[in-house]
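Could you build all of it, start to finish, from the sequences and the hints given here?
Next come the chains, spelled out residue by residue.
Number of protein chains: 2
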Amino acid sequence: MALGATTSSFASPVAKAPLMHHVFFWLKNPSSREDFEKLIEGIKTLQKIETPQEFRIGQPAKTPKRGVIDDTYAISLFTTFSDIDGHNVYQEHPIHKKFIEGYSSLWTKVQVYDSMDI
Amino acid sequence: MALGATTSSFASPVAKAPLMHHVFFWLKNPSSREDFEKLIEGIKTLQKIETPQEFRIGQPAKTPKRGVIDDTYAISLFTTFSDIDGHNVYQEHPIHKKFIEGYSSLWTKVQVYDSMDI
Numbered sequence: 008m009a010l011g012a013t014t015s016s017f018a019s020p021v022a023k024a025p026l027m028h029h030v031f032f033w034l035k036n037p038s039s040r041e042d043f044e045k046l047i048e049g050i051k052t053l054q055k056i057e058t059p060q061e062f063r064i065g066q067p068a069k070t071p072k073r074g075v076i077d078d079t080y081a082i083s084l085f086t087t088f089s090d091i092d093g094h095n096v097y098q099e100h101p102i103h104k105k106f107i108e109g110y111s112s113l114w115t116k117v118q119v120y121d122s123m124d125i
Numbered sequence: 008m009a010l011g012a013t014t015s016s017f018a019s020p021v022a023k024a025p026l027m028h029h030v031f032f033w034l035k036n037p038s039s040r041e042d043f044e045k046l047i048e049g050i051k052t053l054q055k056i057e058t059p060q061e062f063r064i065g066q067p068a069k070t071p072k073r074g075v076i077d078d079t080y081a082i083s084l085f086t087t088f089s090d091i092d093g094h095n096v097y098q099e100h101p102i103h104k105k106f107i108e109g110y111s112s113l114w115t116k117v118q119v120y121d122s123m124d125i
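Chains A and W are the protein sequences, given in the same order. Note that the numbering used here has the first sequence beginning at 8, numbered continuously upward. Note that the numbering used here has the second sequence beginning at 8, numbered continuously upward.
Misleading hints may appear alongside valid ones.
In this list, chains with the same sequence are indistinguishable; a pair is considered to hold if it fits within one copy or across any two.
[What the hints assert, rightly or not] 30 Å max Cα-Cα, derived DSBU-like pairs, lysine-lysine:
{"no.": "1", "residue 1": "K72", "residue 2": "K104"}
{"no.": "2", "residue 1": "K105", "residue 2": "K55"}
{"no.": "3", "residue 1": "K104", "residue 2": "K69"}
{"no.": "4", "residue 1": "K116", "residue 2": "K45"}
Treat the hints as calculated values from the structure; they're not laboratory data.
Below you can see the structure in the form of structure tokens.
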């Protein structure tokens with residue numbers, strides 16, 4: 008049974024971090040393993056910032072192809088925060104700024120979805 | 008400190024469900040509170056399926072506006088699975104098919120990102 012299935016989504020163990028910040032990166036050179044690994048290295052530096060609760064680096068999963076799925080990105084970063092302030096601290100943190108300065112030349116596009124638990 | 012910050016993203020407590028399935032819905036009538044609530048009601052029926060580990064219903068968070076953020080969707084659903092098989096069971100489940108049949112008239116667009124932890 009899904010977590011919280013008998014009550015509500017608030018029963019989830021991650022309920023203390025209701026803000027989901029999901030980022031998708033498209034590489035300038037999607038066939039470059041070196042660039043792929045370099046961007047992951049850069050993303051990992053963001054783990055040093057204190058406010059993210061969850062921190063998950065991903066890549067497109069090999070689920071069956073469907074028209075509604077966008078699997079064209081190279082790397083994703085899923086983080087959660089306790090609140091908007093925690094998110095803002097992360098965005099404005101020197102480590103985050105250094106990450107963008109040092110690694111943004113690797114990507115052509117970034118797409119972000121920020122969702123708050125209902 | 009972020010969970011797993013001293014080791015790797017695998018140290019996260021959700022590591023047993025490395026597949027993230029994140030769905031974004033755009034309503035046909037985005038100003039209709041009734042349609043918004045009806046779709047949430049429909050999404051909640053999916054909690055009865057056994058394979059999702061996490062199940063989080065969200066809406067656009069009030070993070071500061073940035074060009075990279077897409078906050079035009081109405082509702083999001085974030086679920087996690089132990090593996091691709093668990094995801095496929097969910098997609099093909101009668102409850103999921105009934106959800107699409109019963110509620111797809113409410114939306115104009117669905118966007119899905121499936122990510123596997125690296």
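Hints violated by the structure (numbers, ascending): Result: no hint breaks.
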